[in-house]
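Using the hints provided, position chain B relative to the given structure of chain Z.
Chains as they are written, first to last, in this note's numbering: chain Z, 36 to 318; chain B, -18 to 285.
The hints are simulated quantities; they were obtained by calculation from the structure and are not laboratory data. C-beta atoms are modelled at their ideal positions from N, C-alpha and C, and glycine is treated no differently. Please note that the accuracy of each hint is not assured.
Claimed, not checked - Distance windows between CB atoms, simulated:
(1) Z/140 to B/58: 41 to 47 Å
(2) B/129 to Z/74: 38 to 44 Å
(3) Z/230 to B/235: 47 to 53 Å
Spelled out, the chains give:
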Amino acid sequence: MPPQDPPPKSRQPEPPMHSRDDIPALSLRQAAFARAVSSADGIWPDDLLAGVIPGGTLDAAAALAVYRNGYFARLTEQLGETYRTIWRALGDETFFLLCAAYIRTHPSTSYNLSEYGREFAEFLATTPEAADAVFLPELARFELAFHDLFHAPAHEPLDAAALAAIGDLTGVRLHFGSAVRLMACGHAVRDLFGHRHDPDDAEPPQLDIDRPQWIVMCKRGTDVVLEEIGRSAFVTLEALARGVSIDEALDEAATVDPEFSAADVSRLFETIALCGLVTGWSR
Amino acid sequence: MQQTVENAVGVGLRSEHYPHLLERPRTTVQWFEAISENYMDTAGRPLAVLEKIRSSFPVALHGVSLSIGYKPPHGNAVLQEAFGEQRTRYLSRLRELVRRIDPMIVSDHLCWTGVPGGNVHDLLPTPFTDEALDWITSQVDEVQQALGRSIVLENVSSYLTWASSTRSEQEFLVEVARRSGCRILLDINNVYVSARNHGFDAREYLGAIPADLVAQVHLAGHTDCGTHLFDTHSAPVCDDVWDLFAETIVRLPGVPVLIEWDAEIPPFERLEAEAQQAAKRASDAKRLAHRDAAPGSAAEIAAA
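Only chain B is shown next, with the shape it has when bound in the complex:
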């Protein structure tokens, strides 16, 4: 049955774990995700470590600075040129890294990160408007042509939305993917954080994402600041997010899953345990779904 295809579980590669990983420990972690920008502009130790990891594991490259949603102002030649130069430099470095690492996935975020001359280094929310949709679609197309391969875009956590939005985030994300041919990195923690912050239904959001568009899943922890949830990646995955994951992963056989942990980073063994938890929950959820769908099951009888 397709539903039993395993979801390979990986973890984010972080410099705190380099010494441990360079000893080539036995690990149940099946793949690693590296932040592209940490390896694009260096010929130093980080790149050497990444190449060493790559010699033993599949690696995904996950960017944070593509800024696919930034649109330079029409008619401003200076900013248009600055934007063009920056994008060209970025893509040339990324292309070189992709050539060296041969990643299984190249991803970034559905967001923007600043303007020429003023990078905010954050995953800033984009308005879900026709203008943004047309622009981002054209940009994904350019990036995919420049890299010679498809890219994958992740939904981000947000603490505000734009009043000018005319679509829901999930509609926008799906439309970008459908139009541009890119696929989706579905961050279930980000869906949960944004759902709580903006009062939408996380299950409705996740249910609106067609399974064939999802190339990867992210899981992470967040922090409850009282006034809002904040995507800190500094804690274990919470129970609500595990529940959403279990409900979602049954629709996504074979889609790789990643645990992110970027602040207050624990020893590798703790991260590995979180990855094992993801693998177990995915396997349990699929077994349950399989049992419920089997001929003569209570669910089938009820449906009949």
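Next up, chain Z with everything else stripped away, as it sits in the complex:
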């Protein structure tokens, strides 16, 4: 393959910069085009229609509609990629209707298409069409957290031996890695998420969707690890992640569950090691 040369400097433009007075500036035409393509009202401004020459046997409106249809299709596809479990739970028709409503009110502001749809949870929470499925906003937050963690850099965790070497835990504060998310969910969204790749013709899973779940999400290498833990263990982890000492965190857990035992603490530390949540500690 040819080696790359250093970039050449451009030559000065040969003709002087000018445009005919009767032609709107490039930036105005682009603004009008982008606005029309991303709106769903089906109306094309007359000056835009007059300014384009349609291809094939299309008329100007139909040619512009090729770009508008592409816009809605691409953003719908991205929402489907990030919120695959929601798509599966709702089915094509309802999901696509919700996507269309979301896209109409939420323009894409980043060059990175993968960033699109960050307000989908808030949108679902306030959309009458989604009101019947109260778990949807929570599921959307879960899927977005998974999406973000998938693309996040992994941290270098302490292994089980390093954790065991801490010895006396009194006053010890654990330093959590950057690629950790703790999610307290009022619904069994992790269970639903586990079925997102089921074949299209698979029977819907029999789940108790109203079962609360406490989830640890963490990046290990290039994979995202999901671990369900108990409520008191979750309270402990949340406190530790806030930076309180281990003994203070266990005190907080005891207020939630007076039965929180040494065995539970031991299991919790296994989870910390297994998921690789911690990058260091201090006393």
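For chain B alone, coordinates are given in the frame of chain Z:
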């Protein structure tokens, strides 16, 4: 003879093929092209896969969001600033990816993709006017300086053109390249699609592109929607495009060729077969051209 220099044939790297490629299969594919934006903003598995592929193959980075043709409105400080911030962020991420991957080519499209606060995520046609030419030339210059290397710009398929255009697309493309020092990614399928949609002669277009400006060739399939051809990258290369390729590639010794397939993506073996087809057609076309140009050939006698 220069005309016999091989055209290395590659394919677009798509996530559907990651599991297959990570098994390090024997393949006749000589290089891969990765969509820059799929790897610029992630520290996840896609980047790890790309680095693994790069350890065994040359890679080209092909962007879809540079939006080289967008011009912020003069006198609108808010939009100018938003545009500047977006471009700076984009180029800084791209520069970092280029540093990691050390690609053989960095390319994008001769188009615009939206406005600040409203990205359309499409390859939108630019008017072929003096204003657009001056603006794009200045932008290519800025991008090349920021990246510290030349870039390559691809002609796009279009479904409309601007009434304000004062040049043909090929004149515009060549002029951008000549003025800015960038080179051209000649997408022969895009030329064919646009030629059919807008009623120009694809051969005339291709013949107007100087060989020394072409850094890469793209081939892909499209869909006939009845009212227009649509650049779907969801099908094999059609016969007409293969014919244009054969006629064009004889002028482009050594220029890398890429098969794109982005929708209804087939198994890797099918894509590989399409790449082999491109290599064979390029080789056959050059052999024929060589034979016809040889002393005593029928073509030479006729010319004499």
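To see whether the hints hold, each was checked on the structure:
no.: 1; hint: Z/140 to B/58: 41 to 47 Å; result: violated (27 Å)
no.: 2; hint: B/129 to Z/74: 38 to 44 Å; result: holds (40 Å)
no.: 3; hint: Z/230 to B/235: 47 to 53 Å; result: holds (51 Å)
In summary, the structure is inconsistent with hint 1 from the numbered list given earlier, while agreeing with all the others.
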